[in-house]
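**Student:** Each chain is listed here by its residues.
Number of protein chains: 2
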Amino acid sequence: MKRDLHILDVTLRDGSHSMKHAFTEEQVRQVAKGLDQAGVEYFEVSHGDGLGGSSLQYGLSNVNELKLIEAAAEEAKRAKISVLLLPGIGIQEDLENAVKAGAKMVRVATHVTEADVAKQHIQLGRHLGLKTVGFLMMAHMAPVEKLVEQAKLFESYGAEMIYVTDSAGALLPHEVKERIQALKQSISVDIGFHGHNNLSLAMANTMAAVEAGATYIDGSLRCLGAGSGNTQTEVMVAVFDRLNYKTGVDLYPIMDVANHVVAKFMPRPQEITGSSLIMGYSGVYSSFLLFTEDAAKKFGVDERDILVELGRMRAVGGQEDLIYDVARELANRKHSVI
Amino acid sequence: MKRDLHILDVTLRDGSHSMKHAFTEEQVRQVAKGLDQAGVEYFEVSHGDGLGGSSLQYGLSNVNELKLIEAAAEEAKRAKISVLLLPGIGIQEDLENAVKAGAKMVRVATHVTEADVAKQHIQLGRHLGLKTVGFLMMAHMAPVEKLVEQAKLFESYGAEMIYVTDSAGALLPHEVKERIQALKQSISVDIGFHGHNNLSLAMANTMAAVEAGATYIDGSLRCLGAGSGNTQTEVMVAVFDRLNYKTGVDLYPIMDVANHVVAKFMPRPQEITGSSLIMGYSGVYSSFLLFTEDAAKKFGVDERDILVELGRMRAVGGQEDLIYDVARELANRKHSVI
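In order, the protein sequences belong to chains H and F. FYI, full-length UniProt numbering numbers position 283 of the first sequence as 283, with every residue one higher than the one before it. FYI, full-length UniProt numbering numbers position 116 of the second sequence as 116, with every residue one higher than the one before it.
Check before you lean on any hint, since a few could be wrong.
[As the list claims (entries may be wrong)] Straight line, CA to CA, 20 Å or less: simulated DMTMM-like cross-link-like pairs of lysine to aspartate or glutamate:
hint	chain 1	residue 1	chain 2	residue 2
1	F	Lys297	H	Asp294
2	F	Lys334	H	Glu309
3	F	Lys177	H	Glu211
4	H	Lys297	F	Asp256
5	H	Lys334	F	Asp250
[Unchecked claim] Looking from chain F toward chain H, a few residues come up when the C-beta cut is under 7 Å (computed):
hint	residue
6	Ser200
7	Leu201
8	Ala204
9	Ala238
10	Val239
11	Met255
12	Phe265
13	Glu271
14	Ile272
15	Arg304
Think of the hints as simulated: they come from the structure by calculation, not from any bench. This one's a predicted model, so the numbers in the text were calculated from it and none came from an experiment. Just so you know, even glycine gets a beta-carbon here, dropped at the ideal spot from N, CA and C.
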């Protein structure tokens, strides 16, 4: 099968966030089987925060992800299974176990400015014979040159593909385009794009990425995923068919698994709500939301103002203290104006 | 207030479809007040199928639309109220009554190839002192030259603005762009765009329209509208703010009416489901869906195949008999292959 575009479905990984990490083995089997039969080439199975993510901090999985990977691998006759690995969360043993369970691809994910923490993980992926990918998250937070520099680092470690990952759904189509174009000119491995729909632009951004040269694109069925969800896999299949790209995925079977399997168990629809919109608008990640709500109450300011200010400051995970500083500062400003 | 872009909210008209025409006066007042306070310039209030649409065929309204227009007009301190009028459904008296109730704009809507039925309605709108708009529905069904010809007809009748209306959510961004560009070169009145989200491209199409020269754009709160819903108004405000266009609409208040008013009463979320996706993919309108389901059962074929075939044939409303012919033909083909 000659494919112009490679669709990678992340329902069983990014969707884990929306499912509060409570996927059952039966759900995983049904989705895996459906994806496989529809002709999807790769799909990802892991805790939402990657291998080893099951924890009090990131959310406990109901079923051990290795068991889920194994179940998915049994159902996948043609499709290959990817796993996500965040250095600092997943360890070497997790990846080795995932390979035993049937994984064929690993995506090593770091913040867009921190590829350097992933050297040994990329090397491990290659050593284990996996298709090994560098996955640059929160890509909107770095200028284009920085993104290129980090992609080159990944490539130098042995990554066979680099993903631009719009974790907060904050990129606009022209921003996606310039990032993918810059990579296209600077690295020689394949380029992928992973979008979120916080600004209702996941599909548009994916199209912009493809126009600029990306050949791997992520989606999830019925958008099931973090924030306001991912690019909708079955819609992507329809749109790229209309645009005459060969994805190798059949429209009706992929619609069927979306609408007759995933839609039945998803806990709520993936709409663009207040908090997911402001995430995309301000460019901050979801881990800030709860703290921000608390700080907003404590200091009597609008939580959206805090998030927008954090976005302006390019705050990143780990800087949660900043949230309270920002709230205090906004409250002071407000009172001094009155 | 200098606006680069004029947002027209259709929650209280296109949303009527999703609400099964059961808007209450209190809901209309709350939405109208919220839109007005957020700085929205125009919003539309009518039965989903326009003035006079309340009927067994199109769905009976729970509350008379004139009462709803009146209520909305009372709440709108700055915003102006638009009504939709489909020749053949609404009559002269309906429009005159709407004006008495407070309407300031009329959008006269016809199938993309049938502007000629609307001459007297456009003239009536002008005569009544309304801002009068020609609204070309199912715009994907005509080649660009035909669309231009029809827009010119509307202009010749006295329309002060022409809308390209992607009723089935079937247009791709480059198709929107070429249509708006062609109008820009051929007519001298303002150009608007009305999008639907069946292919997850409503926002992208709206951006493409604006890039090509449209200055009026439709949206609805939380996407409430026919099919998989409209371009999401509050998201549009955020996106065009990021793109440095002045819409005159304030982000937080528009988010508040979306999330604290509309989200509370909408009967179901506006997701892209099986039937709405196939509508966008095949380019057929929602009125075919029920008949197609029936014909598919009767002839034992996939309803999606029927819709795709109808799309290819450019079938339009009124040709419901065709549905059964197509189903029969597909069933014959299927059996002759076996």
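**Student:** Does Glu271 of chain F pass the interface hint, meaning its C-beta sits closer than 7 Å to a C-beta of chain H?
**Tutor:** holds (5 Å)
**Student:** Regarding the hint that Arg304 of chain F lies at the interface with chain H, is the smallest CB-CB distance below 7 Å?
**Tutor:** Because about 6 Å separates Arg304 of chain F from the closest Cβ in chain H, which is inside the 7 Å limit, the hint holds.
**Student:** Close enough to count: is the Cβ of Leu201 of chain F nearer than 7 Å to one in chain H?
**Tutor:** holds (6 Å)
**Student:** Does Ser200 of chain F pass the interface hint, meaning its C-beta sits closer than 7 Å to a C-beta of chain H?
**Tutor:** With Cβ-Cβ at 4 Å, under 7 Å, it holds.
**Student:** Checking hints one by one. Is Val239 of chain F an interface residue toward chain H, by the C-beta closer than 7 Å rule?
**Tutor:** holds (5 Å)
**Student:** Do the numbers back the hint for Met255 of chain F, that is, is its least Cβ distance to chain H under 7 Å?
**Tutor:** holds (5 Å)
**Student:** Holds or violated: is the Cβ of Ala204 of chain F closer than 7 Å to a Cβ in chain H?
**Tutor:** holds (3 Å)
**Student:** Interface hint check: Ala238 of chain F, Cβ to nearest Cβ on chain H, cutoff 7 Å. Holds or violated?
**Tutor:** holds (4 Å)
**Student:** A closest beta-carbon separation below 7 Å is what the hint needs, so does Ile272 of chain F meet it against chain H?
**Tutor:** holds (6 Å)
**Student:** Could you check if Phe265 of chain F really has its C-beta closer than 7 Å to a C-beta on chain H?
**Tutor:** Violated. Min distance 15 Å.
**Student:** Starting from Lys297 of chain F, check that the Cα of Asp294 of chain H is at most 20 Å away, please.
**Tutor:** violated (54 Å)
**Student:** For Lys297 of chain H and Asp256 of chain F, compute the direct alpha-carbon distance and say whether it is at most 20 Å.
**Tutor:** Distance of about 17 Å is within 20 Å: holds.
Consistency with the previously given hints fails for numbers 1, 2 and 12, ordered from lowest to highest.
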